[in-house]
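Given chain A, put chain B in place with the hints provided.
What follows is the residue order along each chain.
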Amino acid sequence: MSVKQEQAREMELEAAGVDAPLYASRQQIYPAAVSGRFRKIKWIILVCTLGVYYFLPFIRWDRGPNAPSQAVLIDMDHHRFYFFFIEIWPQEVYYITGLLILAAVTLFLMNAIAGRVWCGYLCPQTVWTDLFFAVERLIEGDRRERMLKAGQKWTLETIAQAVLKHWAWLMIAWWTGGAWVLYFSDAPTLVYQLATFQGPVVAYTWIAILTFTTYFFAGFMREQVCTYMCPWPRIQAALTDEWALNVTYRYDRGEPRGSLKKNDALREAGAPAGDCVDCHQCVYVCPTGVDIRQGLQIDCIQCGLCIDACDTVMDKLGRPTGLIGYDTDINVKRREIGQAALKPRLIRARTLLYAAVIAIVGGIMIGVLATRHDSGLAVIHDRNPLFVRLSDGGIRNAYTLRLSNKLPEDRAFEIRVDGFAPDDVASASGKRADTGWPLFTVGPDQTLEDRLFITLSRKALGRGHDHDEDKRDISFRLIDLRSGAQVKVKDHFIQPEGEKR
Amino acid sequence: MSVTSHEHEVDAATGTATTGHEWDGIRELNTPLPKWWLYIFYATIVWALGYWVVYPAIPLASSFTKGVINYSSRAEVTAEVAQLTSARAPMVAQLAKASFDEIQKDTKLLTFARAQGKAAFGDNCAPCHGAGGGGSKAFPNLADDDWLWGTGTLDDIQTTLTHGIRSTDPQTRQGNMPAFGDGVLKPAEISAVADYVRSLSVLDVDKTADLKLGQKVFAENCAACHGEDARGNHDLGSPNLTDQIWLYGSDKATIVEGITKGRGGMMPNWGERLDAGTIKALAVYVRTLGGAR
Numbered sequence: 001m002s003v004k005q006e007q008a009r010e011m012e013l014e015a016a017g018v019d020a021p022l023y024a025s026r027q028q029i030y031p032a033a034v035s036g037r038f039r040k041i042k043w044i045i046l047v048c049t050l051g052v053y054y055f056l057p058f059i060r061w062d063r064g065p066n067a068p069s070q071a072v073l074i075d076m077d078h079h080r081f082y083f084f085f086i087e088i089w090p091q092e093v094y095y096i097t098g099l100l101i102l103a104a105v106t107l108f109l110m111n112a113i114a115g116r117v118w119c120g121y122l123c124p125q126t127v128w129t130d131l132f133f134a135v136e137r138l139i140e141g142d143r144r145e146r147m148l149k150a151g152q153k154w155t156l157e158t159i160a161q162a163v164l165k166h167w168a169w170l171m172i173a174w175w176t177g178g179a180w181v182l183y184f185s186d187a188p189t190l191v192y193q194l195a196t197f198q199g200p201v202v203a204y205t206w207i208a209i210l211t212f213t214t215y216f217f218a219g220f221m222r223e224q225v226c227t228y229m230c231p232w233p234r235i236q237a238a239l240t241d242e243w244a245l246n247v248t249y250r251y252d253r254g255e256p257r258g259s260l261k262k263n264d265a266l267r268e269a270g271a272p273a274g275d276c277v278d279c280h281q282c283v284y285v286c287p288t289g290v291d292i293r294q295g296l297q298i299d300c301i302q303c304g305l306c307i308d309a310c311d312t313v314m315d316k317l318g319r320p321t322g323l324i325g326y327d328t329d330i331n332v333k334r335r336e337i338g339q340a341a342l343k344p345r346l347i348r349a350r351t352l353l354y355a356a357v358i359a360i361v362g363g364i365m366i367g368v369l370a371t372r373h374d375s376g377l378a379v380i381h382d383r384n385p386l387f388v389r390l391s392d393g394g395i396r397n398a399y400t401l402r403l404s405n406k407l408p409e410d411r412a413f414e415i416r417v418d419g420f421a422p423d424d425v426a427s428a429s430g431k432r433a434d435t436g437w438p439l440f441t442v443g444p445d446q447t448l449e450d451r452l453f454i455t456l457s458r459k460a461l462g463r464g465h466d467h468d469e470d471k472r473d474i475s476f477r478l479i480d481l482r483s484g485a486q487v488k489v490k491d492h493f494i495q496p497e498g499e500k501r
Numbered sequence: 502m503s504v505t506s507h508e509h510e511v512d513a514a515t516g517t518a519t520t521g522h523e524w525d526g527i528r529e530l531n532t533p534l535p536k537w538w539l540y541i542f543y544a545t546i547v548w549a550l551g552y553w554v555v556y557p558a559i560p561l562a563s564s565f566t567k568g569v570i571n572y573s574s575r576a577e578v579t580a581e582v583a584q585l586t587s588a589r590a591p592m593v594a595q596l597a598k599a600s601f602d603e604i605q606k607d608t609k610l611l612t613f614a615r616a617q618g619k620a621a622f623g624d625n626c627a628p629c630h631g632a633g634g635g636g637s638k639a640f641p642n643l644a645d646d647d648w649l650w651g652t653g654t655l656d657d658i659q660t661t662l663t664h665g666i667r668s669t670d671p672q673t674r675q676g677n678m679p680a681f682g683d684g685v686l687k688p689a690e691i692s693a694v695a696d697y698v699r700s701l702s703v704l705d706v707d708k709t710a711d712l713k714l715g716q717k718v719f720a721e722n723c724a725a726c727h728g729e730d731a732r733g734n735h736d737l738g739s740p741n742l743t744d745q746i747w748l749y750g751s752d753k754a755t756i757v758e759g760i761t762k763g764r765g766g767m768m769p770n771w772g773e774r775l776d777a778g779t780i781k782a783l784a785v786y787v788r789t790l791g792g793a794r
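For the protein sequence lines, the chains are A and B, in the order given. Oh and the first sequence: position 90 is 90 in the numbering used here, straight run, nothing missing. Oh and the second sequence: position 40 is 541 in the numbering used here, straight run, nothing missing.
What you were told as hints is all true, and nothing was included just to trick you.
Chain B stretches covered by chain A per the calculated footprint, using a threshold of three residues with CB under 8 Å from any CB of chain A:
| no. | region |
| --- | --- |
| 1 | 620-633 |
| 2 | 638-646 |
| 3 | 741-748 |
| 4 | 778-790 |
Sample of chain B residues with no beta-carbon within 12 Å of chain A, all distances over it, derived:
| no. | residue |
| --- | --- |
| 5 | Thr-520 |
| 6 | Trp-524 |
| 7 | Ala-558 |
| 8 | Gln-584 |
| 9 | Ala-680 |
| 10 | Pro-688 |
| 11 | Asp-707 |
| 12 | Leu-714 |
| 13 | Pro-769 |
| 14 | Glu-773 |
| 15 | Arg-774 |
Don't read these hints as lab results, they were simulated from the structure. These figures come from a predicted structure and were not determined experimentally. Just so it is clear, CB atoms sit at the ideal spot from N, CA and C, and this is done for glycine as well.
Excised from the complex, chain B in its bound form:
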């Protein structure tokens, strides 16, 4: 390998100048980058220098250079959220003040309440009640026509939301299904009353079931809360046992389990965590799921 000449010879075959270097008889053609490309490249380098000064760029031991305009994407989000909150503020204030009647009459306010409620439902309620309020075992379906507490009016829903069910709120909705297996009823009696309750919902009952005993046990132990006709009590949260809706399931084993060990689901008192306007919006939204009476 030797450099034979520093003069930029022209290659005979292509007419292009060479770089002047030669390696074992091989010479390299001098084909520089197009100028426009090169200048854009230089411009990007200059741009990068400016960028380092203006924007956050260089990591330091425990921090980083902030840049002269002190930009941060987090601050941008915070500002945008604040802007959104202030844009919504008049409607939120109106919502907090308005009665449910006023909300229902004002199309604009109703639309706003439904949208706010939908967002709040997704954030707070969907984990237990499901995205569409369909519920699951132990978590009531909010889209059906059956209500444990109250009759599904907006005020009832608002009360439940604000104070919760069996929560720490002093005004919480309170009511318990006791554990009848703790020496109150014998297993045979529990089995009989479970069969009897199933028969009330027109569910299939074993032919050997002692419905008479079941009826007697029901009248003595259950009717106090669930009613003589077993249609439940909305003030105590005791479910209607004659309908087709079963919070925990309608099979005999589940019913026996409920009677033996008792039931008592808990709903947080959202009044502690959400503002009054949001709770109103939630009530309005929950009604649109289908549970309206």
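Next comes chain A alone, as it looks inside the complex:
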């Protein structure tokens, strides 16, 4: 059965109340070129987003002699993430949690305001597919030519065009994969290494993987990614409401649709006639092949190209534009029963709530980032043995320390333990600052592991807050000797049960 027969069959079945089969053969889509407001916006976004993606790794940022000078760098070998003035260590990966929350809620907010803005304009799948369409159109011609060629036998010309097209696609895909690996290493060095075949195997592997996925998803899978693979349309459908602006066909103005001649005749006779001339331009330009006149549907990525197509036609016919435009479900309902359309309400409980979450999470992240310590202390109490009895009957606890110096210079720290005298506290390396507290020197952008011993004399045992306590809270303070900046860490001191003398 041909695809057409299959679809006709499906429609018959649906009309008869039988569920459509779960599997549908794909129909090749040949989107036509279009120009207009939304096409222009999409071009600008395409150039900007791809420009950032392809060229960002080459931007330099001076961090001094001990750190890389690439503005955005994920340094896997040295476990650092650099973003302009920000440097993140692996244990600070929670910033990514914050970013993900922000990204999710921003997506929700965009959806509450204007539906699938992400899908239509910003999503990499859309942007790259759009670029691939442009290349295809440039080489093989517009919709009509491509459809004709698809139905014909191969000729020398069509073969040459196909080769050229796939070559161009592969070049774009290859550059996409190439740009990706530049985020993980010094970009100019890596470009030189790759070009002279001295690059690491992992770089070539990732380039190959991303070349393939870009070529495959943007060249072949296209709208099927959005319709079948992506979870966001399903989530979006559940999150949207009647106040969200969506790309909408105005039934009240458009219907009954008919050819220009037929509708003019109807209008003259005083019969109802719509503005839709059934020219199918909105369908022809659609990158996912939907008919927007059937209403809001899951395949529609709301890119606005049908608005441009329809506006162009309406302009030519001398009719007002906006037969297809951004509109809310509420207005669709109101127009159906002849009521006036309402102005879109951007400020509603939903948008305020999303905006508030964005403001709170963003505020917390900025706050945490602004007050981020440039030093760190991690303390682990020895588990075995929990405590050690000394020859004079005193008790000693041992701790493994890890000090982090997040600045690109050598730094000296002392560690103080509240409630103890300097003499009660000693490090395994044994150095002491002028104050008598243990001294540690940590290299630039490095960590240092050491051990710390805290001794409680026999007399002092049980002098804690409660005599029956065998575990007392203590706190360590890591103090930068030059700046005086402090980091505080809490832990315990453990002594044998019931020990009180």
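Relative to chain A, chain B alone:
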């Protein structure tokens, strides 16, 4: 059951072709596997054939086919271990040559020594001394401030590690707690000296204890090794009896048992099993457990 037709009839209700078979009036719809799925399946079969040739695959009577690239995960591990060993070799050589003073001064070497020592401790020492060196009955706690042999300097620890205690090494640390129950002391004297020793550590002693007799027995029999003041002797491995650390336990029965039957734990001479660099690393690591003087 009969096959009525070989023509692929189309089922009226669904529009799908049938397989042409009919069983008691029931016909089966012909819904073949999706092509992409089928081709991937065929590809995996071809892949498997190649795999059989390239990798070890088919078990034979006493062996198995090795595959053309002669791969084995064991060989891979061996190669990785060898690679690691050669990567560490310069530091290991430096460690073997360096004096303890040099190790303590060189942060990089010290960090390396501690890491090497920690690994070697887990492999060799932890079974007796515990994962954190906390020890147990008869196995000394390496994290406290009391040392039986030597004073806990790096050199002392190195000597003990290399030659062992009461081991087969000719230079072993040697010293014995004799069995005083073998006709040397009477049970009453042993009981009295046990009470006396407990009193030295300020432990509770029974009111009826004869501390005078205990003191006399101690001076005549024990002071030679443990010292007049009972503070022990680091050269003989005789413990300090006045402190709060008891290798076997501080209760009277345990002390009486020790005096009666004698004591003498053994530590292997690790110089026979470990290289000099590893022993140095172990000494450096053991000091970080807290026993440093």
